[in-house]
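Chemist: Build out the structure end to end from the sequences listed, making use of the hints.
What follows is the residue order along each chain.
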Amino acid sequence: MGAMTANPIPSFTSNAKPVDPNASGEASAMANAELRFKVSKLNFFYGPKQSLFDVSLDVQANRITALIGPSGCGKSTFLRTLNRMQETIRHTRIEGEVLLDGQNIFDMDVVRLRRRVGMVFQRPNPFPKSIYENVAYGLRINGHKGKLADHVEKSLQRAALWDEVKDVLHKSAYALSGGQQQRLCIARALAVNPEVLLLDEPCSALDPVSTAKIEELMLQLRSSCTVAIVTHNMQQAARVSDVTAFLLEGKLIECRPTAQLFTNPADPRTEAYITGRFG
Amino acid sequence: MERHFEQEFQDLQQRLLWMGSLSERAVHKAVHAVLEADEALAEAVLEEEPAINELQIEMDDRITRLLALQQPMAADLRLLIGASRINSDIERIGDQAVNIAQSATRILRHPQVKPYVDLPRMSGLAENMVRDSLNALVKRDVDLANSVMRQDDEVDRLRDQMFRELLTYMMENSAVVFPAFELVLVAKNLERIGDHATNIAEDVIYIVVGRDVRHPALDRR
Amino acid sequence: MNSSLRWRKFVNVVMLGLTAVCVTVAVSALLIILGYLVIHGAESLSWNFFTQLPKPVGETGGGMANAIVGSAKLVLLASMIGIPIGCIGGVYVAEYGGKMFSFVIRYTADLLNGVPSIVIGIFAYTIIVLPMHHFSTIAGGFALGIMMIPIAVRTTESFLRAVPRSLREASVALGASKWKTIVKVIIPAAMGGIMTGIMLNIARVAGETAPLLFTAFSNRYWSPGWNQPAASLPVMIYTYAIAPYEDWHRQAWAAGLVLLAMVLLTNILARLILYSRRASASR
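Residue numbers (numbering that gives the first Met the number 0), protein chains in the order written: chain A, 0 to 278; chain X, 0 to 220; chain U, 0 to 282.
Worth flagging that the hints you see were computed from the coordinates, not collected in a lab. Where hints are given, some of them may not hold.
[As the list claims (entries may be wrong)] Heads up, simulated DSS-like pairs for lysine-lysine below, C-alpha to C-alpha not over 27 Å straight-line: (1) A:K144 / U:K179; (2) A:K40 / A:K250; (3) A:K165 / U:K54; (4) A:K37 / A:K48; (5) A:K146 / U:K8; (6) A:K170 / U:K183; (7) A:K128 / A:K146; (8) X:K113 / X:K187; (9) A:K144 / A:K128; (10) A:K250 / A:K37; (11) U:K177 / U:K98; (12) A:K128 / A:K250; (13) A:K153 / A:K165; (14) U:K183 / U:K98; (15) A:K170 / A:K144; (16) U:K98 / A:K146; (17) U:K98 / U:K179; (18) A:K153 / A:K170; (19) A:K146 / U:K72; (20) A:K128 / A:K165; (21) A:K165 / A:K144; (22) A:K146 / A:K165; (23) A:K153 / A:K212; (24) A:K170 / U:K179; (25) A:K153 / U:K179; (26) A:K212 / A:K165; (27) A:K144 / U:K72; (28) A:K170 / A:K128; (29) U:K72 / U:K54; (30) U:K8 / A:K128; (31) A:K170 / A:K146; (32) U:K177 / A:K128; (33) A:K153 / U:K183; (34) A:K144 / U:K177; (35) A:K48 / U:K98; (36) A:K170 / A:K212; (37) A:K250 / A:K212; (38) U:K72 / A:K128; (39) A:K250 / A:K48.
These numbers come from a predicted model, not from an experiment.
Modeler: In structure tokens, the structure reads:
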């Protein structure tokens, strides 16, 4: 940051108080936001082995919720139950309740659920099709008729990728760099206008510049979408999220507004983890 | 690429400057309360002081949040560290202004000891130093910061001069001891204000170029 | 220390030499066969070969036009039988089959692949030729088709399995049903490999002789439709090669060369398709 735009020191007679931008931050993070997901006592079994124990967590609408914790703590498992992706694996079993806007997701049609709750994975996984076809895929399988080009453009803009690809939409998705491919996957997920976007360690395979772009993108998305992100990089959780949940060995230890969790955690295990004194 | 935390850094600096302007105003009013024997001005200083203290707490809270949540590096990190120190110095300047105002209420009960010559000169210098140090922060101007540090010598000299003069007055005429003694305290407060402004200037240099110029006598090899 | 180094170097050189010799032998065998075919076949190739019917015994001249067409028809019929069954079966095994089921199918396919082709011919003879009381193109196509099935199943299955799981996850997460995922994502992704497998399957089956001996049999004339015995290049080679006529020997070489050329062309086509799909995918 160079010299700030030279605002002179306010004169003696000016009583104007600069607006505090954070006044809305902490209070509303917990109180005013409506809930998108309400998870109650979720237990997850892979065969005989249990990997989530009575996890109860609220995911607020239009906020970014981060899930942090050491490897194997169950954060990805938890995230994947929110759009029932665990059903693609055999021998998995769930106990507990997950409500999306008050409806039990296990009673819903799973295809319709997955259109409302989109997911972006750890490694970019674009289809071996053109950039255009990748974004249009979700629309096509929804039986979307009419002009797809506008929707494709809008999704690519929301993913902050339009300017970089608008002239090469016909090219294969694999021609893009890793960071661009991941943004393409985000655009692809956004094309069906999901209410929730789940991101499972979306930046772990990316370089710092791409990571920064995706972080800025998430912050812009939160006004139109609810975002939940699993990350093993807790500095990333600190930078972007409104609420952070810390999981350990399948249990939810603490879930609080991010500023509180990172400056003054309630549980000593959380403190040990975020100060790097874990293990 | 514009990052989301840039606005927070901007707001932080704005609040700090606002706090600085409040302290500057307090010093100005307090000195004029002495110079013009104005009790209302002195009371105003006392009433406005809590605002400065509140801002100090708010600034520290913001700085802690930014450090924890944004992991700033390089210039951003130095800005937060420097802002934390400047925060403390500005609050102390406010305290000194309160001290001056309290002295003013006591002085005005007595007739004026002598024509005020050095006092306005000293207070003018001190106020300039405070203003310049904060401007140096706004403009990231190292030369301006250095000029502040140089003026501190003149303020110290004026304080010594006032001490000698007032001591002479007190020795010659015991009736003026009370007001003269308060004036000595005022001089000392003004000199402390100069020191705090110097500290702010040193912090500005640290923020801008990353060099710690405090205690130049120390051998820093 | 020095002597062990020298020993190691010696062993190195010896092994290098041995492996070079083996490669030379292997390649030489192939080159010799190719050489013979080209030399003997090329001199017998003529426009007549491609356009004329075989002449009666004893007369020189004539060609194998009907055998070329017959081979094409047989291979076409075999493909229409073997490829859909094999590929769709492969889709089922790869996408829907459980571990046990897939194992059983794979094992069965390998067994069927190992059955001598003449036995398959006998099977087709029993099933089709006997009830119809005559040889036919249908029977020949049927026999060849059966031979295509196990390979089609295996190659389709393995190329489908090779599609990364991440693509399936991406499709499913967008709300696609399993079938749509298979049709719109997985099969297109595996298409290059599947088509290569099909091409190689065709190339292999085009040269099979034994099953045709008592299904399509042979024909000295055109074989219109599908219901009559048909001449095919491999069977003609067999017939002409063991006959006592010099002219027929030459024609057999020519037929061998033509068959080889067809197989070679199919292989090249397969590689070109695979290469171009890979190139366009990575562009």
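Chemist: Each hint: holds or not?
Modeler: Hints, verified against the model:
1. A:K144 / U:K179: holds, 17 Å
2. A:K40 / A:K250: holds, 10 Å
3. A:K165 / U:K54: violated, 66 Å
4. A:K37 / A:K48: Since the Cα atoms of K37 (chain A) and K48 (chain A) sit roughly 24 Å apart, the hinted pair holds (cutoff 27 Å).
5. A:K146 / U:K8: Given pair K146 (chain A), K8 (chain U) is violated - Cα atoms ~70 Å apart, limit 27 Å.
6. A:K170 / U:K183: With a Cα-Cα distance of about 18 Å, the restraint between K170 (chain A) and K183 (chain U) holds, given a limit of 27 Å.
7. A:K128 / A:K146: holds, 19 Å
8. X:K113 / X:K187: holds, 18 Å
9. A:K144 / A:K128: holds, 20 Å
10. A:K250 / A:K37: holds, 16 Å
11. U:K177 / U:K98: holds, 18 Å
12. A:K128 / A:K250: Given pair K128 (chain A), K250 (chain A) is violated - Cα atoms ~40 Å apart, limit 27 Å.
13. A:K153 / A:K165: holds, 11 Å
14. U:K183 / U:K98: Holds, because 24 Å separates the two Cα atoms, which is no more than 27 Å.
15. A:K170 / A:K144: holds, 23 Å
16. U:K98 / A:K146: violated, 43 Å
17. U:K98 / U:K179: holds, 23 Å
18. A:K153 / A:K170: Judged against 27 Å, a Cα distance of about 18 Å means the pair holds.
19. A:K146 / U:K72: violated, 45 Å
20. A:K128 / A:K165: At roughly 16 Å apart (the allowed maximum being 27 Å), K165 (chain A) and K128 (chain A) satisfy the hint.
21. A:K165 / A:K144: holds, 22 Å
22. A:K146 / A:K165: holds, 17 Å
23. A:K153 / A:K212: holds, 18 Å
24. A:K170 / U:K179: Holds - the C-alpha atoms of K179 (chain U) and K170 (chain A) are around 23 Å apart, at most 27 Å.
25. A:K153 / U:K179: With Cα atoms ~25 Å apart, K153 (chain A) and K179 (chain U) stay inside 27 Å; holds.
26. A:K212 / A:K165: holds, 18 Å
27. A:K144 / U:K72: Distance ~43 Å between K144 (chain A) and K72 (chain U) Cα, so the pair is violated.
28. A:K170 / A:K128: holds, 8 Å
29. U:K72 / U:K54: holds, 22 Å
30. U:K8 / A:K128: At roughly 51 Å apart (the allowed maximum being 27 Å), K128 (chain A) and K8 (chain U) break the hint.
31. A:K170 / A:K146: holds, 20 Å
32. U:K177 / A:K128: Judged against 27 Å, a Cα distance of about 19 Å means the pair holds.
33. A:K153 / U:K183: holds, 23 Å
34. A:K144 / U:K177: At roughly 22 Å apart (the allowed maximum being 27 Å), K177 (chain U) and K144 (chain A) satisfy the hint.
35. A:K48 / U:K98: Given pair K48 (chain A), K98 (chain U) holds - Cα atoms ~21 Å apart, limit 27 Å.
36. A:K170 / A:K212: holds, 22 Å
37. A:K250 / A:K212: Violated, at about 32 Å.
38. U:K72 / A:K128: Distance ~35 Å between K72 (chain U) and K128 (chain A) Cα, so the pair is violated.
39. A:K250 / A:K48: Since the Cα atoms of K250 (chain A) and K48 (chain A) sit roughly 14 Å apart, the hinted pair holds (cutoff 27 Å).
Checked against the numbered hints listed earlier, the structure breaks hints 3, 5, 12, 16, 19, 27, 30, 37 and 38; every other hint is satisfied.
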